[in-house]
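Chain residues, written in single-letter form:
There are 2 protein chains.
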Amino acid sequence: MSKRIAVVGATGAVGAEMISALIRRRFPVGEIRLLASRRSAGRKLDFNETRIAVEALREDAIPDVDIALFSAGGAISKKFAPLFAKKGCVVIDNSSAWRMDPDVPLVVPEVNPQDARKHKGIIANPNCSTIQMVHALKPIYDEAGIRRIVVATYQSVSGAGWSAIMELESQTRDVLDGMPTKPQKFPHQIAFNCIPHIGPFLENGYTEEEMKMVDETRKILGDDTITVSATAVRVPVVRGHGEAVNVQTAKKLTAARAREILAATPNIVVLDDPANALYPLQTTATDDDRTFVGRIREDISTECGLDMWIVSDNLLKGAATNAVQIAELLL
Amino acid sequence: MSKRIAVVGATGAVGAEMISALIRRRFPVGEIRLLASRRSAGRKLDFNETRIAVEALREDAIPDVDIALFSAGGAISKKFAPLFAKKGCVVIDNSSAWRMDPDVPLVVPEVNPQDARKHKGIIANPNCSTIQMVHALKPIYDEAGIRRIVVATYQSVSGAGWSAIMELESQTRDVLDGMPTKPQKFPHQIAFNCIPHIGPFLENGYTEEEMKMVDETRKILGDDTITVSATAVRVPVVRGHGEAVNVQTAKKLTAARAREILAATPNIVVLDDPANALYPLQTTATDDDRTFVGRIREDISTECGLDMWIVSDNLLKGAATNAVQIAELLL
Numbered sequence: 094m095s096k097r098i099a100v101v102g103a104t105g106a107v108g109a110e111m112i113s114a115l116i117r118r119r120f121p122v123g124e125i126r127l128l129a130s131r132r133s134a135g136r137k138l139d140f141n142e143t144r145i146a147v148e149a150l151r152e153d154a155i156p157d158v159d160i161a162l163f164s165a166g167g168a169i170s171k172k173f174a175p176l177f178a179k180k181g182c183v184v185i186d187n188s189s190a191w192r193m194d195p196d197v198p199l200v201v202p203e204v205n206p207q208d209a210r211k212h213k214g215i216i217a218n219p220n221c222s223t224i225q226m227v228h229a230l231k232p233i234y235d236e237a238g239i240r241r242i243v244v245a246t247y248q249s250v251s252g253a254g255w256s257a258i259m260e261l262e263s264q265t266r267d268v269l270d271g272m273p274t275k276p277q278k279f280p281h282q283i284a285f286n287c288i289p290h291i292g293p294f295l296e297n298g299y300t301e302e303e304m305k306m307v308d309e310t311r312k313i314l315g316d317d318t319i320t321v322s323a324t325a326v327r328v329p330v331v332r333g334h335g336e337a338v339n340v341q342t343a344k345k346l347t348a349a350r351a352r353e354i355l356a357a358t359p360n361i362v363v364l365d366d367p368a369n370a371l372y373p374l375q376t377t378a379t380d381d382d383r384t385f386v387g388r389i390r391e392d393i394s395t396e397c398g399l400d401m402w403i404v405s406d407n408l409l410k411g412a413a414t415n416a417v418q419i420a421e422l423l424l
Numbered sequence: 094m095s096k097r098i099a100v101v102g103a104t105g106a107v108g109a110e111m112i113s114a115l116i117r118r119r120f121p122v123g124e125i126r127l128l129a130s131r132r133s134a135g136r137k138l139d140f141n142e143t144r145i146a147v148e149a150l151r152e153d154a155i156p157d158v159d160i161a162l163f164s165a166g167g168a169i170s171k172k173f174a175p176l177f178a179k180k181g182c183v184v185i186d187n188s189s190a191w192r193m194d195p196d197v198p199l200v201v202p203e204v205n206p207q208d209a210r211k212h213k214g215i216i217a218n219p220n221c222s223t224i225q226m227v228h229a230l231k232p233i234y235d236e237a238g239i240r241r242i243v244v245a246t247y248q249s250v251s252g253a254g255w256s257a258i259m260e261l262e263s264q265t266r267d268v269l270d271g272m273p274t275k276p277q278k279f280p281h282q283i284a285f286n287c288i289p290h291i292g293p294f295l296e297n298g299y300t301e302e303e304m305k306m307v308d309e310t311r312k313i314l315g316d317d318t319i320t321v322s323a324t325a326v327r328v329p330v331v332r333g334h335g336e337a338v339n340v341q342t343a344k345k346l347t348a349a350r351a352r353e354i355l356a357a358t359p360n361i362v363v364l365d366d367p368a369n370a371l372y373p374l375q376t377t378a379t380d381d382d383r384t385f386v387g388r389i390r391e392d393i394s395t396e397c398g399l400d401m402w403i404v405s406d407n408l409l410k411g412a413a414t415n416a417v418q419i420a421e422l423l424l
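Chains as they are written, first to last, in the numbering used here: chain A, 94 to 424; chain B, 94 to 424.
It is possible that some hints are incorrect.
[Stated by the list, open to error] The calculated SDA-like cross-link candidates involving lysine to any residue, where the alpha carbons are at most 20 Å apart (straight line), are:
# : chain 1 : residue 1 : chain 2 : residue 2
1 : A       : K278      : B       : A370
2 : A       : K275      : B       : L371
3 : A       : K213      : A       : L138
[As the list claims (entries may be wrong)] Label pairs and their computed distance ranges (CB to CB):
#  : chain 1 : residue 1 : chain 2 : residue 2 : range
4  : A       : C397      : B       : R118      : 29 to 37 Å
5  : A       : P293      : B       : P273      : 54 to 62 Å
6  : A       : W255      : B       : L423      : 55 to 63 Å
7  : A       : C397      : B       : R117      : 44 to 52 Å
8  : B       : E353      : A       : G167      : 35 to 43 Å
9  : A       : M259      : B       : E152      : 51 to 59 Å
10 : B       : S256      : A       : K278      : 27 to 35 Å
11 : B       : L423      : A       : K344      : 30 to 38 Å
12 : B       : P273      : A       : K278      : 23 to 31 Å
13 : B       : R118      : A       : K344      : 31 to 39 Å
14 : A       : G254      : B       : P273      : 41 to 49 Å
15 : A       : G167      : B       : P273      : 37 to 45 Å
[Said to hold, decoys possible] Now the stretches of chain B that chain A is said to cover, found in silico as 3 or more residues with beta-carbon under 8 Å:
#  : region
16 : 102-112
17 : 305-313
18 : 333-342
19 : 370-384
20 : 392-398
The set of hints was computed from the structure by calculation and includes no laboratory data.
From the three backbone atoms N, C-alpha and C, an ideal C-beta is built for every residue, glycine too.
Only chain A is shown next, with the shape it has when bound in the complex (with noise of 0.2 Å):
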């Protein structure tokens, strides 16, 4: 029963997440290879009782693995997951590289675990805003369909990577000391602000980042038919995506009859208790694998809509979890 593992990516944000996942979901794993860039390579990492020396990516070096999960950009895996792919293995890819291919599966597990078994090689995990989306989404859209999502994101700086983190925290520490700061990773400060600029810009006026919201929702609903406009936010908190979703509904759902819904959704937390001042925030989904909704309320401005407050940890469920849960479906 046992897999051969890879991790590709393993020194990053991502894939020191991956490794905690595998770890933490028991995942059985045989034998597991840390690979890296170069500059990375001789590393040690703990995986379990064990250290493992990180290992360079290499074209002439490909392992002989039963699964391997990439975080290591866009560039890296359209060069070696097919690499990969040839030798026998199945991708899990973290980056956008795949998701959008016709051959390549874009899975959340709980959504549509059954598109995992049409791959042929590489399966591509859907962008972290998107994952927590559609997660929140899919009982939704079964019990009175989709037509129409308007969704704003508060996106916390470590989707960026471990620089990104570090820029956040020493900017801060700069501000709170009168410093002037200098943007590295991020075009503007972060630090007490936010950007509404995630990736590049396209030629319609939204970044990729929200297409991404827009494109990967209907590929993993399989239903062409959903409208979404994204804004998507960069907002000076760490780590836990925040997203305010505006969803219209083919027929009117009660808030009520929402939250039962979802409350019986696998990994879904309804923290929907205004008198308590409950609802989802980013501390409190930071290290957690599931995604939490609250704010759950029938939608004023039309007669068939709901708006909710979406909040999972980026690197987890946005990333590292839901990766390791589409290796599970191949167990």
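Based on these hints, arrange chain B on the given structure of chain A.
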């Protein structure tokens, strides 16, 4: 021409900005009286070259002035605004106490200056989040009509006063130092966190802050057919509110035309050059009297829609500046 002015709540975060705005905008102040709670009485504040002693606000000592700028909370306004008005002065009130009173005009000078003339002694200053939104939406309303608005806010802590600013700063230091946080002003940790809860919750699941954006928008634009759904979120930013606004118009409006009419609107700055990472930020709006609009794009999720990102300084255009602009209408 010069007016006798009172600032009620002169020692608060907004009160301080009202005093600055009177000076900066060269309002013809003949005499100025600064009032606050008994606790602050005796404190000295600068007004141009003069040091002025803060007086305690007392029912039996309503000062003889022409215009009173109130920013002392709803309860104080409810009680004292009529007492000031009865003495013949015009109260411009920044609290929510009078905003929806049919006898009280609710005014954004660039939007509905004509309403100011209908006052019966009290004019209400709208909620900060509403002001910047209707300021930017007015030209769009005039050009293409507005059917529905879906807005998510990114509101800084300064709207909640000095103590909120201090709480964000001290909590941020605590988190950076690995210390536990003790929320006091906010229901949860605000440092490195977003809280989807501003103002009390209402029966329909929305908060008071969110419903202000619904009700006030209709009153200011004078059109009850406009529907609005809002999600108001506090973000760890000191000053400036961001808003992701999705607006469905009655007629199709191109992004180019929207930019054109917005750029021609007084006190609106269009910052919309994605290729150069130019869009409004809270840091750039801070200490500026104007409203900034960017990320203007045609909504891909519906036939007649626009998305935009609106930012303004919540203490200035969102409060003090708008109040002083209303006073200017009275000259």
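Evaluated hints:
1. With a C-alpha separation of about 13 Å, the suggested pairing of A/K278 with B/A370 holds against the 20 Å cut-off.
2. About 17 Å separates the Cα atoms of A/K275 and B/L371, which keeps this hinted pair within 20 Å; it holds.
3. Taken as a hint, the A/K213 and A/L138 pair is broken in the structure, with Cα atoms around 31 Å apart against an allowance of 20 Å.
4. Checking the proposed 29 to 37 Å range against A/C397 and B/R118 shows it is violated: the Cβ atoms sit about 47 Å from each other.
5. Distance hint for A/P293 and B/P273: a CB-CB separation of about 40 Å, inconsistent with the stated range 54 to 62 Å.
6. Separation of A/W255 from B/L423 is about 56 Å and conforms to the stated range, judged on CB atoms against 55 to 63 Å.
7. A/C397 and B/R117 have their C-beta atoms about 48 Å apart, which keeps the hinted 44 to 52 Å range intact.
8. Hint check: B/E353 to A/G167, Cβ distance near 37 Å, so the stated range 35 to 43 Å holds.
9. Distance hint check for A/M259 and B/E152: the Cβ-Cβ separation is about 56 Å, which falls inside the suggested range of 51 to 59 Å.
10. Judged by the Cβ atoms, the range 27 to 35 Å given for B/S256 and A/K278 holds: they are separated by roughly 33 Å.
11. In this structure, B/L423 and A/K344 break the distance hint of 30 to 38 Å, their C-beta atoms being roughly 52 Å apart.
12. With their beta carbons about 28 Å apart, B/P273 and A/K278 fall inside the hinted range of 23 to 31 Å.
13. For the pair B/R118 and A/K344, the supplied restraint of 31 to 39 Å is violated, since their beta-carbon distance comes to about 53 Å.
14. For the pair A/G254 and B/P273, the supplied restraint of 41 to 49 Å is violated, since their beta-carbon distance comes to about 27 Å.
15. In this structure the hint that A/G167 and B/P273 lie 37 to 45 Å apart at CB holds, the actual value being about 39 Å.
16. Taking a C-beta to C-beta cut-off of 8 Å, the region 102-112 of chain B contributes 0 residues in contact with chain A, too few for the three needed, and the coverage statement is violated.
17. Coverage of the region 305-313 of chain B by chain A is violated [criterion: at least 3 residues with CB-CB distance below 8 Å; count 1].
18. For the region 333-342 of chain B, the proposed coverage by chain A is satisfied: 3 residues have a C-beta within less than 8 Å of a C-beta in that chain, meeting the threshold of three.
19. Counting residues of the region 370-384 of chain B whose beta-carbon sits less than 8 Å from any beta-carbon of chain A gives 6, enough to reach three: the coverage restraint holds.
20. Closer than 8 Å: that is the beta-carbon criterion, and the region 392-398 of chain B has 5 residues meeting it against chain A, so the requirement of 3 holds.
Comparing the model with each numbered hint stated earlier shows that hints 3, 4, 5, 11, 13, 14, 16 and 17 do not hold.
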